[in-house]
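Enquirer: Go by the hints and put chains B, C and D onto chain A.
Listed here are the chains, written in short residue letters.
There are 4 protein chains.
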Amino acid sequence: MTDNAILLTSCPDKRGLIGTFSNFVFEHNGNIVNLEQHVDAEEQRFFMRLEWSLEDFALTRSELPNAVEQLARNHGMSWSLHYSDEVPRMAVFVSRQSHCLLDILSRVQSRELAVEVPLVISNHPDCRPFVEALGIAYHEVPISADSKAEQESRIIALLAEHNVDFVVLARYMQILGPEFVARFANRIINIHHSFLPAFPGARPYHSAHERGVKIIGATSHYVTRDLDAGPIIEQDVIRVSHSDSIEDMVHKGRDLERLVLARAVWKHVQRKVLVSGNRTLVFT
Amino acid sequence: MTDNAILLTSCPDKRGLIGTFSNFVFEHNGNIVNLEQHVDAEEQRFFMRLEWSLEDFALTRSELPNAVEQLARNHGMSWSLHYSDEVPRMAVFVSRQSHCLLDILSRVQSRELAVEVPLVISNHPDCRPFVEALGIAYHEVPISADSKAEQESRIIALLAEHNVDFVVLARYMQILGPEFVARFANRIINIHHSFLPAFPGARPYHSAHERGVKIIGATSHYVTRDLDAGPIIEQDVIRVSHSDSIEDMVHKGRDLERLVLARAVWKHVQRKVLVSGNRTLVFT
Amino acid sequence: MTDNAILLTSCPDKRGLIGTFSNFVFEHNGNIVNLEQHVDAEEQRFFMRLEWSLEDFALTRSELPNAVEQLARNHGMSWSLHYSDEVPRMAVFVSRQSHCLLDILSRVQSRELAVEVPLVISNHPDCRPFVEALGIAYHEVPISADSKAEQESRIIALLAEHNVDFVVLARYMQILGPEFVARFANRIINIHHSFLPAFPGARPYHSAHERGVKIIGATSHYVTRDLDAGPIIEQDVIRVSHSDSIEDMVHKGRDLERLVLARAVWKHVQRKVLVSGNRTLVFT
Amino acid sequence: MTDNAILLTSCPDKRGLIGTFSNFVFEHNGNIVNLEQHVDAEEQRFFMRLEWSLEDFALTRSELPNAVEQLARNHGMSWSLHYSDEVPRMAVFVSRQSHCLLDILSRVQSRELAVEVPLVISNHPDCRPFVEALGIAYHEVPISADSKAEQESRIIALLAEHNVDFVVLARYMQILGPEFVARFANRIINIHHSFLPAFPGARPYHSAHERGVKIIGATSHYVTRDLDAGPIIEQDVIRVSHSDSIEDMVHKGRDLERLVLARAVWKHVQRKVLVSGNRTLVFT
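Protein chains in written order, with our numbering: chain A, 107 to 390; chain B, 107 to 390; chain C, 107 to 390; chain D, 107 to 390.
In isolation and in its complexed conformation, chain A is listed as follows (with noise of 0.2 Å):
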């Protein structure tokens, strides 16, 4: 098994953008091994996912940004440049309820989901038991009114010190500053328990009863200032009927909850995640 690279790219929409960008890896030696691409037909905008094998490359890992960037010159293109061994750090966020953290950490712990996890965060001291078991250090971090500028300074800090590269809102039920939200822009994945755009804000389970609805759901999204209004990466559903209480829809959504962001976060470290304006291309 060698390691492969994986270009994230998109630019104004063209011809013979696909050609241009498999000459370039079938030149240097390369073997694709994977290409989806899509044209936003209203934005008139490509997107492509290139993934090749770099074994018998031309190019090594220090010599390949800079041909990207020749490439990209001509096209007007943004690009991002991934290796499939790099093991993203993830920081995860957490208040009180325990039941994604549990699952995301699990994961982590059984190698299913490969990135490190230099820290758990909590406004809240629940977790902590549970986190430093598996050896993570737990950093409590109390949100107050008045103390949330300063908090989250100290947060940021914190992640920076830590040198990581995304964050997991795991039912962190607090709202992070504009500030907070650009440093991180496109890299703080959050879970919400409604079928987005239906029941943003607080109790979603109780709006949903009330409504009477027959299916509920989980949304997981990138976090802008806008709230419950990102980017979406991933949703799921599961039927309720009449004879499901409150506590009901929250126990059956606590699985939706956990699935929904286990699989953006994965989509999200296979780098198959690519943002244009406030909708997400998820490749296979």
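Possibly wrong hints are sitting among the right ones.
Unchecked claim - Chain C side only, calculated, beta carbon under 10 Å to chain A, not exhaustive:
{"#": "1", "residue": "D119"}
{"#": "2", "residue": "L123"}
{"#": "3", "residue": "I124"}
{"#": "4", "residue": "G125"}
{"#": "5", "residue": "F127"}
{"#": "6", "residue": "S128"}
{"#": "7", "residue": "V131"}
{"#": "8", "residue": "E133"}
{"#": "9", "residue": "N135"}
{"#": "10", "residue": "I138"}
{"#": "11", "residue": "Q143"}
{"#": "12", "residue": "H144"}
{"#": "13", "residue": "W185"}
{"#": "14", "residue": "Q280"}
{"#": "15", "residue": "G283"}
In case anyone wonders, no lab produced these hints; they're calculated from the structure. Here a beta-carbon is modelled for each residue, glycine too, at the ideal position from N, C-alpha and C.
Expert: Below, chains B, C and D without anything else, positioned relative to chain A:
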């Protein structure tokens, strides 16, 4: 195969209700085939669907309503009584898009759905040939802002003339007036092409595409005075991705619309739907 | 809206294939609308569906096949070429149960499915009235053990006479002979009323009920000489419970059968299905 | 919140059974919270789950069994009686793969699943650190062909010592002997990584990949003497495509295995599962 009686009932919750009703059936030599009950804990209200075989049952169909009414008086119940051999009379309303109409008529044609369809009503001529080929009367009743009240009276007269029990709006793009809705309370079934309460109104697939959701849905509900806000009977969903254009969503959505409407009509005809406030109970 | 060309191709995997094809389109002034590829790692075989706009394309439809063939020779490719404005000619075979037939013809009727249906063939008279009401020829070809070979020849002649491109078995309860199957290889689409490979054969709902499964399914596949064992195109499932009788399963299953068959036909007509050994690739 | 009594019962079907039981509760001043019944029409057998509030109930927990037994004798019933405040004692068996174990222990940890876990048993050392970090005893009981009988006796002794009520096989890759199975009849819950009855045995994802199915599944069932053939409690599925390798299927399947096992355990603990022959009734 003998026929069954079906009693739908609700009343303030108290102890002993199930015993009262099951004894009533037993004492008249009936055999309970199915009993489903539900207590709405917030409303403190009891709901039940009781189905029993009429083989050897001591009361005739003409005696039964009085006997039930006596029970009902003692408990402050509202109730309705049905028989498994009844064939309800269904009118279908349609505008231009024929897919839901064709689907529901095909189900009648293949005897999968045991209803009579005395007439189809439309504000457009498009679907006439197919409907008439099936030997069903097609009444074109065009609606304009000026003619609306008058034409609705005409429709009401048509429904009365044909002894219509309930109405199915198979993508009927007109809003029914309050008098009509009141006259057929809980007897008008609409299909809305979104996962309500997300994307009510006229162009849900456009809204879904713009928001970038990963799942789209359809919702069948009883029509009330509030547009797209009546009691939900059935919902279902299907996955979409960034590669689905609005046209693709419309295509996928048609299957949902057909299916969700057909299931709602089926449950209604089976007398398995009870309305409680703005929600439904749908028994299995 | 201009038309597109669609090239389906497969060949032994090697470096540079995507570049070769995308350059071919680019050099003739075509614009790639969609490219999907797949490498079967075990078989070391490359598969691709390439769709490009013919607007300003340098080659005419009469020149294109030769140009593709030249490319193909260099790479040992098998290929087929299609155009988005083609309207394939579909024959539907049915026995007594009409639900899949009615569904598929309704889709043609509402122009959701862009095919011509020159004829329906059945070994029973039951579905004749509905089919003829739609203005489609209905050929009753009864099959007995003695007449089978002769009647199949008659059917083959009918299909030839009507220039039929592919055949849909919409609950056709006869096993087609090997000559017929060979003649329409990967062009006969069957619907089987179980989640294959579970419950092949004649009475899958009975078997499912007896085994006590909690989910039932339907499977659409290309017909091969091995009964219920051809390449699967599409499957879907629905939940059942202990309270579902066999009749309930049959009822729920009908919706699956309709839907799964319609989706398979849709994908086939969109030229999105490629067969690889006994499996299919179904592009998005 | 008061506690409830839960009566699970079955007997030959006859008229008046529901009345008998609901009157029994009413006459002792109980309030029925939930009643679900089912008649197996083929077996002519009646099944019921009756749950009533013990608030003001006239019989104590020590008196209730005798009172139920008297009823039972008259009707040839088998029955079991439970209380909503019982906390069952669950043992988890695991081999090397930890994902189902971690999931189920996380649910206990977050108090989503109200059980005691006195011990985990494994034929491998791999999962020890995580289990012990949670403060749960980990017993490594390696199994070889020679030691199997002896080691199973040791396991049975451990379960007895810890008063274990039921056993969860969380990807335990050993076949339990008939004595063990008989001792814990309908109290051993296994997760199989396929949509049974498709793909029983050891390598279901390989088989699914080879057959080219478009949907994979997982199945949770009670363990019987026949491998992978016991009464099914819960199943679920997920879509796969040609682009999913066997490894991708394994990855997707893990989520199914976790979820399907957790749901089956939840239903079992809620006393909502009744076994009838080789099938289950799972109440809502």
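Enquirer: Which numbered hints are broken by the structure, listed smallest first?
Expert: 13, 14 and 15
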